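Asks: Here's the letter readout for the chains.
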Amino acid sequence: MYKEIIGVILTYGLSLALAIPLGKAIAHWLKGEKSSWNFMAPVERVIYKFSGIDPQEEMNWKQHLKSMLTINLIWFIYGFGMLISQGSLFLNPGGIKSMSPDLAFNTAISFMVNCNLQHYSGETGLSYLSQIAVITFFQFVSAATGIAMVFVLFKALREKASENLGNFWVFFVQSITRILFPLSFVMAILLAFSGTPASFANRDDIVTVQGDSVGVSRGPAAGMIAIKHLGTNGGGWFGANSAHPFENPNYFTNTVELIAQVIVPLALVFALGFYLNRKKLSVVIFSVMTLGFFCLLVPTVISEIRGNPEIQRLGIAQSTGSMEGKEVRFGPAISAYWSIVTTVISTGSVNSMHDSTMPLSGAMQMLGMMTNAFYGGCGVGILNYFIFLIIAVFVSGMMVGRTPEFLGRKIEAREMKIASIIAILHPLLILAFTALSSYVLVHAPNAAWAIKPSGWLNNPGSHGFSEMLYEYSSSAANNGSGFEGLADNNIFWNLTTGIVLLIGRFLPIIGPIAIAGILANKKYVPQTAGTLRSDSYTFGAMTFAVIVIITALAFFPALTLGPLAEYFSIT
Amino acid sequence: MSVHKRKAYGLFDPALLSTAVKQSFIKLNPAKMIRNPVMFTVELGTLIMAGVVLESVLTGNRTQGSVGYNVSVFLVLFMTLLFANFAEAIAEARGKAQADSLRKTRQDTPAKLIAPVDKSLEEQVIMVSSSQLRLGDRFVCETGDIIPMDGEIVEGIATIDESAITGESAPVIREAGGDKSSVTGGTKVLSDRIIVRVSTQPGETFLDKMIALVEGANRQKTPNEVALTILLASFTIVFVIVCVTLKPFADYANTPITIAAYISLFVCLIPTTIGGLLSAIGIAGMDRALRANVIAKSGKAVETAGDIDTLLLDKTGTITIGNRKATNFYPAIDTDEKCFIELAVLSSLADDTPEGKSIIELAQQKGIQRKKDPSMEFIGFTAETRCSGVNLASGIRIRKGAQDTIRQLVMKGGQKVPPAIDERVRLISENGGTPLVVAEGDQVRGVIELQDIIKPGIQERFERLRKMGVKTVMVTGDNPLTAKYIAEKAGVDDFIAEAKPEDKMNYIKAEQHSGKLVAMMGDGTNDAPALAQADVGVAMNSGTQAAKEAGNMVDLDNDPTKLIEVVEIGKQLLITRGTLTTFSIANDVAKYFAIVPALFVAALPALQGLNIMNLKSPETAILSAVIFNAIIIPILIPLALRGVKYKPIGASALLRRNLLIYGIGGVIVPFIGIKVIDLIIGTII
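Each protein sequence line maps, in turn, to chains A and B. All letters in the first sequence, in the order written, are residues 1 to 571 by the working numbering. All letters in the second sequence, in the order written, are residues 572 to 1256 by the working numbering.
Hints listed in this document are in silico derivations from the structure and should not be mistaken for laboratory results. Quantities reported herein were computed from a predicted structural model and do not represent experimental measurements. C-beta: ideal position from N, C-alpha, C; glycine also.
If you want the footprint, here are the derived chain B segments under chain A, 3+ residues with CB under 8 Å:
| # | stretch |
| --- | --- |
| 1 | 797-804 |
| 2 | 1153-1166 |
| 3 | 1171-1183 |
| 4 | 1209-1222 |
Each pair of labels, with its calculated beta carbon distance range:
| # | chain 1 | residue 1 | chain 2 | residue 2 | range |
| --- | --- | --- | --- | --- | --- |
| 5 | B | V1247 | A | K452 | 46 to 52 Å |
| 6 | A | F506 | B | I597 | 44 to 50 Å |
| 7 | B | I1256 | A | G315 | 43 to 49 Å |
| 8 | A | K523 | B | Q1030 | 29 to 35 Å |
| 9 | B | K818 | A | P309 | 30 to 36 Å |
| 10 | A | K160 | B | L1231 | 35 to 41 Å |
| 11 | A | V298 | B | L1231 | 21 to 27 Å |
| 12 | A | L73 | B | K818 | 33 to 39 Å |
| 13 | B | K1071 | A | K523 | 26 to 32 Å |
So that you can see chain A by itself, here it is in the shape it has in the complex:
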């Protein structure tokens, strides 16, 4: 068991060791300093020329948002069209049928918003063309969208910020050419050499020792699995995601995938400090996020290693911990680590089934998505954190007797209004839609739908409740992992989660960018001894308290009825 724990610690340490230099490099290039990244500049120039982008054009925050929303709308139409017609398109050796409109709606949105909630199974639901031209394409662009947006925030927080906050298209293109593409390339090679398929051939038919005829799915998967993690997307090539032996063949690939999903979010936190020349600010933000991460991680690892008390009571030894729903080649510790990484980071890929983890682990996984700011997804993690930070600045500013200010800009009613709306939004989406599904389930269990509401849940009682709560938490946080056990491919779930995904993606981007844009236009107030320093650990503690209190207060009753009730009933 010690070996497993050491594996967890080493994986985390290695992620950090790689993320810091990456963050520094990102800051260098954002500042316009010469860096080794410039080797991609010729490629970028071609793209700019081809797309008619003027890289010198500066945009204000509204123009940024307009560009971002417009291109997303176009992507959605494109993705939706491709998915409902994939059956009649090329590169479909498996003869996969076109998607139903509601599933295509859900899938197109889900991948566009970097969520990757999958109400289909990759082997049987998507043609190779869709996997590459829709799914993998979205995995690149949705991550790049998030990164481009956080760059706008970086620009806005500079000391001498003005209306001009860089060019969205440049940020977007560079995010792909300089971060996502090169890293994916390297990672795909690592995966392919470790056994992940990278072939366009149709499924392989084999005859087992038993004499059964089995079709083994494959495809050009390695590249997709790389960007799935680097872009914090999470949607798998195969239905079983990274628990599948092709998607995640061994402990080495497991480690690679674990590092890949945290490296960009972590690097962006450090890039903020390097870029603003406020390294301590980054260190404090990183510390708060890490504290939150560990608060979720430690109970999960412990409860998975300890095993299930019900099995204990049966007198069965669990020397390997709780193994239900886990892969033997990974074991409980690193699987527990993965389950928390994937929920705080908003990747949503899984290497074990969360439905089968201990109740307390389930609560921690949900809390990871409910806070959605401990590291968080590509770019959007910092944007979410920024909302909490603004609220923390406001309350603590008052506590030291000054009207609140952050990095030299006053926080006033308008910014508070936006921050408050965004802070409310997340609990509103999760709770209101879980309430809706609970209501439908209780009051119309036999509605004449393809799948009757009474047939939605795999488990009764608290665990069934967790399945619904998890699904909407995952959607609102744009996470994409599923608790599973939920019959989610039907109109009700496709439609409602689709709506939650859209709102949960774009408002939490628009809000922080608007605040940043407004702040950038404000007069800069120099620091004095009376100014509250946002790069102090005291302030970090305050931010942590704000995050914990807002999430704890909003979700406590729901968690009580779900995983906590289950936890208390088995211990």
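Based on the hints, put chain B in the right spot on chain A.
Replies: For chain B alone, coordinates are given in the frame of chain A:
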């Protein structure tokens, strides 16, 4: 009308209590409650509970719990409302009492209006009531009269007793022209006769504005209050969501939840503590300003004061004791010291300026005294000659003045200023003193050193300001050498020497340009533009009307160090708001642990594990939580009214301290409180 002594009210003065209690009920009017969204939702909840009680009494339906339980919840909620209203009412009552004692000074007094009587436009004094005076009217005040209205002296000079306003018994001199021409209604003319022009419309004086602010009638929310209300409203909405969604959740879990439990959960979770105390905190802040004898024109001005980065202070009266004092006599080489002192005294006999008097005092200490003699012909200081002195009967002409003036004088007589004197003059200037050179005829006889006396304790105050992050700037007409010396000695951060009014203005603009908030104090008409430019401009009550119009606060005491207090009042106001918000939100943790298990434990017995306080029953748990939620409001009223103390220990240390006390304290206290209340209720039921 007699002079009213300002009465100091205790926190809960019995006289105020009854009005406040009455007001608490009047304020239940929903039209008024809606201004406070947090408490308004509590009122809605209370009404629903009233309905539940009525329904269960009338129909005998007990599905919503026993009548006694529902009535108890209803009563506790009702008390919560009253407590919150009481907090606001008592703050208003205190403010009002404070304002009333000021207003007493403005009761109707007879006024001697100067009015044209007939078509010949001959003016005549007629007696009217002060309430009949209008802007621009002129009236006469003579010895013993109460000044009926705020105004500006247009003619004459008078000594005035302003104790009714300032509490200071020493009379002050006010005269037409110059910077001390303003008089305040309610003060008393002790001597002489003045003609005053009314400077404000009735009901629009600063005092009227302040009274309206304190009474709450006219209180507008400050920007910070607006932002905080938004935050609190959003917390309220979150809990609306939590409570509304709980219904389908509970249906799924097959747990019936009573209406009383729903409403209790909701009321406990929304930030009622800060919601109930918010306006009281604001009013109390204004009230504290008023107690410090500062009239603020808006709540925003007080708040802004807490943010000040740069403070412009006049040297004279603020940093140094009003006037310079003679500290040394330096005779010329060929002059006997005693002889020189005599000359100095003679030249100062008729000099009524404090400097002149201090020369005579210093000489007295050295045992030299001279009396006025009718034969002496005294020469007063004029702007033209720029020196003063005396012509003795013996024909000796003694002159005293600045070095330049005396130099010209002796050079006219063909003499020179001895180099030793020049050297001495330079030394004195360098040490922050002012040299006065005395000449007898054409001969320079010596130098008198005048020194600024720095106010005792001022260094500590500046140190305190520095720790608050406020930069202090001394403004003085002195030469840069003197200014630098005094600035260093007093511990100010910067100074403006040989300051002209436009220098102040430019300095303020430059500071503001770099993003700083600037406060200054002033009294003269030529200060008015700078007062208007400054973010916080405090005009002295004795100052000109123009100055008072330009600033956003008026200091009734004319105390130049008042700015420091104002800054602290502003900070205290924000801190009180911030800490009580934190406390209020932190309280929710314990309330959750009381109520949530109580809600579900019937259907999910395993959740007993969440009942970490081990409360007796679901009913006592819910009641204890609501009762705690209610009584914490009156418990915190004294803190809201007095304000959380500001300590200049640096922002991070202050945050750590307040976070420990009000954040961690806010988590722990309700655990204890709810447990204790549960124990008490448990024994009763």
